[in-house]
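*Asks:* Line by line, the protein sequences give chains Y and B.
Be aware that the first sequence starts at 1, since it is given in the working numbering, and climbs by one per residue.
Be aware that the second sequence starts at 1001, since it is given in the working numbering, and climbs by one per residue.
Calculated from the structure, these hints are not laboratory results.
Just so you know, even glycine gets a beta-carbon here, dropped at the ideal spot from N, CA and C.
Keep in mind that a hint or two might mislead.
Stated by the list, open to error - If you want the footprint, here are the derived chain B segments under chain Y, 3+ residues with CB under 8 Å:
{"id": "1", "stretch": "1207-1218"}
{"id": "2", "stretch": "1325-1337"}
As the list claims (entries may be wrong) - Under the rule of at most 30 Å between Cα atoms (straight-line distance), these lysine-lysine pairs were calculated in the BS3-like manner:
{"id": "3", "chain 1": "Y", "residue 1": "Lys298", "chain 2": "B", "residue 2": "Lys1343"}
{"id": "4", "chain 1": "B", "residue 1": "Lys1275", "chain 2": "Y", "residue 2": "Lys250"}
{"id": "5", "chain 1": "Y", "residue 1": "Lys250", "chain 2": "B", "residue 2": "Lys1343"}
{"id": "6", "chain 1": "Y", "residue 1": "Lys267", "chain 2": "B", "residue 2": "Lys1184"}
{"id": "7", "chain 1": "Y", "residue 1": "Lys49", "chain 2": "Y", "residue 2": "Lys107"}
{"id": "8", "chain 1": "Y", "residue 1": "Lys51", "chain 2": "Y", "residue 2": "Lys169"}
{"id": "9", "chain 1": "Y", "residue 1": "Lys267", "chain 2": "B", "residue 2": "Lys1311"}
{"id": "10", "chain 1": "Y", "residue 1": "Lys107", "chain 2": "B", "residue 2": "Lys1311"}
{"id": "11", "chain 1": "Y", "residue 1": "Lys188", "chain 2": "Y", "residue 2": "Lys139"}
{"id": "12", "chain 1": "B", "residue 1": "Lys1347", "chain 2": "Y", "residue 2": "Lys51"}
{"id": "13", "chain 1": "B", "residue 1": "Lys1275", "chain 2": "Y", "residue 2": "Lys242"}
{"id": "14", "chain 1": "Y", "residue 1": "Lys267", "chain 2": "B", "residue 2": "Lys1291"}
{"id": "15", "chain 1": "Y", "residue 1": "Lys242", "chain 2": "B", "residue 2": "Lys1329"}
{"id": "16", "chain 1": "Y", "residue 1": "Lys271", "chain 2": "Y", "residue 2": "Lys209"}
{"id": "17", "chain 1": "B", "residue 1": "Lys1330", "chain 2": "Y", "residue 2": "Lys250"}
{"id": "18", "chain 1": "B", "residue 1": "Lys1275", "chain 2": "Y", "residue 2": "Lys231"}
{"id": "19", "chain 1": "B", "residue 1": "Lys1336", "chain 2": "B", "residue 2": "Lys1378"}
Claimed, not checked - If you anchor each label on the Cβ, the simulated ranges turn out as follows:
{"id": "20", "chain 1": "Y", "residue 1": "Leu164", "chain 2": "B", "residue 2": "Lys1010", "range": "25 to 33 Å"}
{"id": "21", "chain 1": "Y", "residue 1": "Leu290", "chain 2": "B", "residue 2": "Leu1203", "range": "51 to 59 Å"}
{"id": "22", "chain 1": "Y", "residue 1": "Ile275", "chain 2": "B", "residue 2": "Lys1006", "range": "50 to 58 Å"}
{"id": "23", "chain 1": "B", "residue 1": "Phe1242", "chain 2": "Y", "residue 2": "Glu213", "range": "41 to 49 Å"}
{"id": "24", "chain 1": "B", "residue 1": "Lys1003", "chain 2": "Y", "residue 2": "Leu164", "range": "13 to 21 Å"}
{"id": "25", "chain 1": "Y", "residue 1": "Ala238", "chain 2": "B", "residue 2": "Lys1375", "range": "25 to 33 Å"}
{"id": "26", "chain 1": "Y", "residue 1": "Leu164", "chain 2": "B", "residue 2": "Ser1094", "range": "54 to 62 Å"}
{"id": "27", "chain 1": "Y", "residue 1": "Gln294", "chain 2": "B", "residue 2": "Lys1003", "range": "25 to 33 Å"}
{"id": "28", "chain 1": "B", "residue 1": "Lys1343", "chain 2": "Y", "residue 2": "Gln168", "range": "57 to 65 Å"}
{"id": "29", "chain 1": "Y", "residue 1": "Gln168", "chain 2": "B", "residue 2": "Asn1249", "range": "49 to 57 Å"}
{"id": "30", "chain 1": "B", "residue 1": "Lys1333", "chain 2": "Y", "residue 2": "Leu164", "range": "52 to 60 Å"}
In case you want the letters, here they are:
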Amino acid sequence: MSIVEDLLNKRIIVVTGKGGVGKTTVSTVIAIAAKKLGKRVLVCEVNTKEKIAPSLGYPESNGDIQEIENNLSTVNIIPSRSMEEYGIMMLKSKLVYNAVFNNKYAKKFLSAIPGLTEILTWGKIRFHEQEKLKDGSNKYDIIIVDAPATGHGIALLKLPVAILSTLQKGALAKESKELYALLTDKNKTSINIVTIPEELPINETQELKEVVENDLKMPLGYLFINSNSPKLFSKQEADLYKLIQNMRDKDTSILRKSANYRLSREKLNQKYVKIALHHIDLASVIFPYLFIEQFERKDFEYLADILLNSRG
Amino acid sequence: MDKFNKLIEKSKIIVSVGSGGVGKTTVSAAIALEAALSGKKTIVLTIDPAKRLANSLGIESLTNEAQKIDLSKISSKKNKNKGELYAMMLDMKSAMDDMVDRETKSESQKNNLFENKIYQTFSTSLSGTQDFAAMEKLWEISNSEKYDLIVLDTAPTNNTLDFLTFPQRIFDTFDNNITKLMIKMYQKSGGFGFKFFGMGTQLVLKGISKFVGTETLETLSSFLFHISDLIEGMKERSVDIFNLLRSENVNFVIVTTPTPVTISDSLYFREQLEKFNLNFAGFVVNRYHQKFTEGDAELSIDLDKVVNKIKKKDEFSNISEYKIENLVKKLNKNLKDFEKLTKIENKHLKLLGSSVYVKIPFFEHDIYNLVGLSKISKEIFKD
Chain Y
1 MSIVEDLLNK RIIVVTGKGG VGKTTVSTVI AIAAKKLGKR VLVCEVNTKE KIAPSLGYPE
61 SNGDIQEIEN NLSTVNIIPS RSMEEYGIMM LKSKLVYNAV FNNKYAKKFL SAIPGLTEIL
121 TWGKIRFHEQ EKLKDGSNKY DIIIVDAPAT GHGIALLKLP VAILSTLQKG ALAKESKELY
181 ALLTDKNKTS INIVTIPEEL PINETQELKE VVENDLKMPL GYLFINSNSP KLFSKQEADL
241 YKLIQNMRDK DTSILRKSAN YRLSREKLNQ KYVKIALHHI DLASVIFPYL FIEQFERKDF
301 EYLADILLNS RG
Chain B
1001 MDKFNKLIEK SKIIVSVGSG GVGKTTVSAA IALEAALSGK KTIVLTIDPA KRLANSLGIE
1061 SLTNEAQKID LSKISSKKNK NKGELYAMML DMKSAMDDMV DRETKSESQK NNLFENKIYQ
1121 TFSTSLSGTQ DFAAMEKLWE ISNSEKYDLI VLDTAPTNNT LDFLTFPQRI FDTFDNNITK
1181 LMIKMYQKSG GFGFKFFGMG TQLVLKGISK FVGTETLETL SSFLFHISDL IEGMKERSVD
1241 IFNLLRSENV NFVIVTTPTP VTISDSLYFR EQLEKFNLNF AGFVVNRYHQ KFTEGDAELS
1301 IDLDKVVNKI KKKDEFSNIS EYKIENLVKK LNKNLKDFEK LTKIENKHLK LLGSSVYVKI
1361 PFFEHDIYNL VGLSKISKEI FKD
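One chain only, chain Y, in its complex shape:
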């Protein structure tokens, strides 16, 4: 089995990384790639302004799972909603739930319990992981979690560990224990990191990788290097280009100025790609920077094919 097939055989694929590196794009790309392999996919955004369904041309899911295409569903997990679902499950009665949780003080109070919203987010993900179809097969083969960017996208992952170090007994502790077991199961879960080939993001990626590996002990998947300047010239073209360096007329100068800018960026990106590949020992895939205003379906497909053809 190739590395990418191995990735797409997991049940939970977490996509993490610092803000602004393209986590949501990568989550969408993985979803499309998995769908191409015939998987039933659920891709989750967490309490955010929803982007995935709209970028594929569909309305927002708004907290309810919507199957936007055959085998492809999206959802925006909203903790207050999950609180209700989870509460009803725990208290086994909607009536009791309403009596307790629609009390406005109780609501405010619960919102102040540290970590509760995160655990509810995971509760919902775990619920869908266990959901079955009538024939007994999994409702979703693969659940992709586009982790929020706070604290390098790691707050959500740290949560079960933090709760378990605070509490030993009770419902929250039990929930955290089961969640931690799922997140550390290398057959089921894969934590993937997205970065861009620039200095700060690469440094932070190294730290992030070490935290996931050593502190959280969760199984790492791919390193996605996003927005890499695509190569402008072939070797032959680069040689030719050198020969026009001393031409001073206006038109050639402008062409050269923009080419030189591009080449410098390319060089800078290459330097950090090299550092990333050398220092961050993970299967990796490099996505080119695309000169487009917005990602459309065809752009996601293009990157999905790069992922499916990658060798790690």
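Please arrange chain B on chain Y, whose structure you already have, making use of the hints.
*Replies:* For chain B alone, coordinates are given in the frame of chain Y:
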């Protein structure tokens, strides 16, 4: 348009806010550098442990002590005003501990809190505590009157300016009946118990405890009890901090990039600042792709002419016309790609409306020293 050139002159505190990954820390440092070079004794407070920022300031790493930056690396002509620059990293954990240390009335109460597992685990990761700690430190340094100007680099945020809503959130938590009940429970039983309460209250409490576990409630009630004494102090302090932030010589700068997502975040930040009556000085748009041509005129390059010129060069005598044409086509495609990018970015920038903004070009090199940093200052403060 009133650009940023008066900003330094008229400020005692400059706060930079923005979403993650926009270069906020670098911009903060560049503003502080400019201020120092204009003769002010300036400190930049950052929460970012980025090594390169430290290195670009010429120091090994930032610590939670103010470190003086050696400005002699920048030509003495530029620093003729004899300003001073200091940099300091905010260590959230110690800022939080300092506050507890200051506000608690007894040794035992302090130790109780420090030993409480909820405090230990969440004192630095509770949403908003970082910002509160940053504001605390700002208050402290501002009151010390050691500096002419403080530049504060806040924690990156994607949705709200947490530090603006944190005081309210904490009061909401503590001013509510259930919290008061929890504290009472702790006081009455020296531990924990429901039996002192009426039926209705018991139902709610039992529901919650079933939901989160009794142990959670116990730990939490102990935490709430021990921290509740601090709340009065924190309340007073946050009123003071808000008054400070609203004063005339405190200005907020929003750092953004010319992409739809960060711009829409930034517009929301501006709304928040206005809602809280804070002085918004303008946007700094980082990573902007400049045009390669002068002026606004649409560029048109006669590609045939360029090909012909190249053909005539001696070095190209052995090279087929086809190859030259391809090279020129590629160069032109690249130029067009960047032009398209600039056009898209300009379109997004229109969303900023009539607000003041300055653009910093997307440099093709890393900023690795003070000279590089001063290039950014120059862009922010050029006329």
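*Asks:* May I ask which of the numbered hints given earlier this structure violates, with the numbers listed in increasing order?
*Replies:* 4, 6, 8, 10, 13, 18, 20, 22, 24, 26
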